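Enquirer: Here are the chains, one letter per residue:
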Amino acid sequence: MNQATNNEILKIENLKKYFRIGKDKRGPIFVRAVDGVNLNIKFGETLGLVGESGSGKSTIAYTVVGMYRPTSGQILFKDKKIGMEAAKRPLSLKREIQIVFQDPGSSLNPRQTIEQILTLPLRLHTQTPKRQLREKMVELLEKMELSPDYLYKSPPSIGGGEKQMVAIARALAPNPSLIVLDEPTSALDVSVQAKIINKLMDLQKELNLTYLFITHDLSLMRNIAKRIAIMYLGKLCELADAVTFFEKPLHPYTQMLISSVPAISEEEENLKPKKVVSIGEIPSPVNIPSGCSFHLRCPYKMPICSEVDPEMIEVFSGHIVRCHLFSKPENE
Amino acid sequence: MKNSNQFNNAIAISLAKPKSIFWTNLGRNWFKFSRNALSILGLVIVLGIIISAILAPWVTPYPEHAGPFVDFDNAGQPPSLGHLFGTDNFGRDVLTRIIFSFRGALIMAIVVLALAVPPGVLLGLIAGYFQGTWIDTVIMRITDIFLAVPPLILALAIASVLEPNLMNAMIAVTVMWWPWYTRLVYGMASSVKNEYFVIAAELTGASKFHIIFREILPNCLSPVFTKMALDVGWVILIGASLSFVGLGEQPPTPALGQMVSDGARYMPTFWWMTVFPALAIVLTILGFNLTGDGIRDMLETRMG
Amino acid sequence: METKENVLLNIKDLHVWYRVYGGYLKVLNGVHLMVREGERVGLVGETGCGKTTTMKSILQILPPGDFHIPQGQIFYKGQDVLKMSFGELQRLRSREIAMIFQDPTAALNPVFTIGAQIGDVIKYSIALEEKKVHKEKIKTLSARALKEAYLPDPERMLVNYPLQLSGGMRQRVCIAMSISSKRNLLIADEPGTSLDVTIQDQILRLLKEIVEKKGTSIILITHSLGVAREMTDRIYVMYAGTIVETAPAKTLFKNPLHPYTKGLFASVPKISGGGIAKGIPGRIPDYLNPPSGCRFHPRCEHASQICMEKPPQLFEIEKDHSVACYLAQR
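Protein chains in written order, with my numbering: chain A, 1 to 332; chain B, 333 to 636; chain C, 637 to 966.
These aren't lab readings, by the way, just hints derived from the structure by calculation.
Every clue listed holds true.
To give an idea of the chain C side of the interface with chain B (calculated C-beta under 10 Å), a few residues: (1) VAL656; (2) TYR657; (3) GLY658.
Taking CB as the label site, the calculated pair distances span: (4) C:ASN925 to A:GLN132: 32 to 42 Å; (5) C:ALA742 to B:SER554: 17 to 27 Å; (6) C:ASN925 to A:SER72: 56 to 66 Å; (7) A:TYR300 to C:LYS719: 57 to 67 Å; (8) A:GLU145 to B:SER539: 25 to 35 Å; (9) A:SER72 to B:SER539: 23 to 33 Å; (10) B:SER539 to C:THR829: 36 to 46 Å; (11) A:PRO156 to C:ALA742: 18 to 28 Å; (12) C:LYS844 to B:LYS540: 48 to 58 Å; (13) C:ALA742 to A:GLU247: 38 to 48 Å; (14) C:LEU963 to A:SER53: 39 to 49 Å; (15) A:SER186 to C:ILE705: 27 to 37 Å.
In this text, all values refer to a predicted model and were calculated from it rather than measured experimentally.
Glycine is no exception: its CB is placed at the ideal position from the N, C-alpha and C atoms.
Excised from the complex, chain A in its bound form (with noise of 0.2 Å):
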């Protein structure tokens, strides 16, 4: 994947985070969460991270935004390393990079006033003088279409979708670059996600913002990414553009996935690849198998799939997997 370097403001480099939880006679025992991901994101695009629990995408998006350091690895953001914590990133890095969480209930303060929320941000990172706050602020919600007295509303007192709209206005009040959602509208109706998406969609063609979108929900992530990548275990399984992820998956895992998204029509049905029935549990990151993580579960598994670990293939262009059935025959 030769890209030139200046279209992308975000570039993970064989990332790997692993938490020590302790340690058995053979040394220490690690979970290891992100086990070496290589992954990019263009200006002002939308790249979809999906996987289940254990996959490690949430891991990757806390490292991006500072709330880990990196064990190995590196990530630069427009060209620039940012792999460490949060504490000593410059002011200037932390308003670039924003988060939006997925529990709008526990993400925003509930003893605080939306006014007060959002005052944080804005006296940080932008010169707005103490009198202009309000107006600053109330433009802010106007934009997420809340009316100017949520200001001295708090959070428990408004619905799940509008706490998930102040949580996208505090991260937009600093003029960010680059936010990441983790599963931003997960813990919310169906009718409420898609009056976000469409906001969220919307505030990026207008700001120019570019999105790192996690989340579980294949049906939504087709509809808002460019491109997107599956996790297993804290490695990827596949990343490629939506259309040709849907319509030719290639490793077990995503079509296992797909297969398993409720269709809500005749068409919809027929749209999905055949279906691989899921089998087992998944395992915890603490114990992963040996060779390629997801042969247990695995219906078109091979020998050499519990012994060697594949290595990532570009299949088509812009389209790689990481699967025994695509390697190719050579080095073995």
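Fit chains B and C to the known structure of chain A by using the hints.
Expert: Coordinates of chains B and C only, in the frame set by chain A:
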């Protein structure tokens, strides 16, 4: 871009809202408080004690009996219409002295809490925020030491070293009271610290001061207020224990424990000299406990 | 419309109010719901529409004191649940109807073993008839229930604690508890919602198999239209405490009539792409002062005068397909 007049109007309208929000919140809080009839009973008792203490010189039948006064002809009178709770061994009206002793008791409670709660809360906040570091260890181990000593003994030890008067009794009780708040707030702060809204503030670059006092503290206060309401009763009890052994308020100023102790040697013949002050102590603690329960219902539940 | 013979559950015009500061939250405003024997019924609605309140009313497990039922009846096998004695309610809960709650972690007691918890369910369902139940019998029945839920190594599972299991396995344990004795009606409240998508798929298939094998009726509560389509025969769509539309699953998806139903369908992201519709404008009503007439009218682009005055009743448009909407009834 909106017309700036429309903007100003919108802001003007929304600025008018906060007052009505205040009344709505008050009403909602009263609703939660009043769900339990016992809380109302507690509130009635508490208000009765406070009001009678403030207005003592005007509502008591014999206000001069609360000072240096003797009338041996009238000593040891059982309860009667003239003296509802009888008279003590100096001829002083027991009811009057009880009401006057509420003054000292309430002052002690207010002063002790005012002095003990802020430092206790502050230490708990800091220890909780820096959980896992040496700051946490130092603060919490010191707290543990204070908590390990039986409270009454600590208070007695301190009060007996100092000159016996109300002020020193208050100091003694304050010294043993703050650690409970530290522990309470430590538990809350260390868990609130991990909430996503705190992380969000940190990620965006908020200062430690902002995080501790604007993000974490407001989420720790509800149990503190509840505990304060309940503690008024307990401080009064400890104060009574101190005055029972002669530390604290000195005669002729009346104090509940002192009255119980003085009347004890005249039991059982002149029972009213001990029993009524003791019942007053019980009633006080009961009142503040019930009120504290109501405050807890008000602050710590979700309703409506 | 209803064949009286095999109707198992029939909720008629149920109103439920919840006392709060400032008055009553009029949560349910005339709910009609009917389940026949062996039928799979779906109840679809978004957060706050009253689905859980309705289900809790059936089993009478609403918090006491704060709830008020001004009108309505819930007929189970012909008998009104709201008028049942305590003993009859006990029988209802331990032998007739079982509820599978949404969050399996919260539904299982962390300090008791799986065996103890299933054992309790079995004991109370049998105890009404047999005075003393042998421990061995309970153990056998427990292991059998776990096996039917496809839990591996049922004998050993009995001594495990809930926290030792994964989310999917806990949900299976809850399902096992609900089928440990013969029941006529299962109520599943958003099963699998808190679990991963592949695991949820397994749970739903398990439920489907159980219902087919045992002929139990099931009410499946969900906010996912896709799940409702795959799992149910007939669907009720609920909004703000009223049933706005009901139809057999196939009919509903081919021909949704109520504006809310149509709005919901449009909001669901499609695998075929094409973006998502704008959602439904407005927000769910304040139950303290609900809108007059049709509760959906403030959000409906077709609202007319009569919509604001009188709440529409469910009206049968075609076979088994009823809508509560003046627009659709024209």
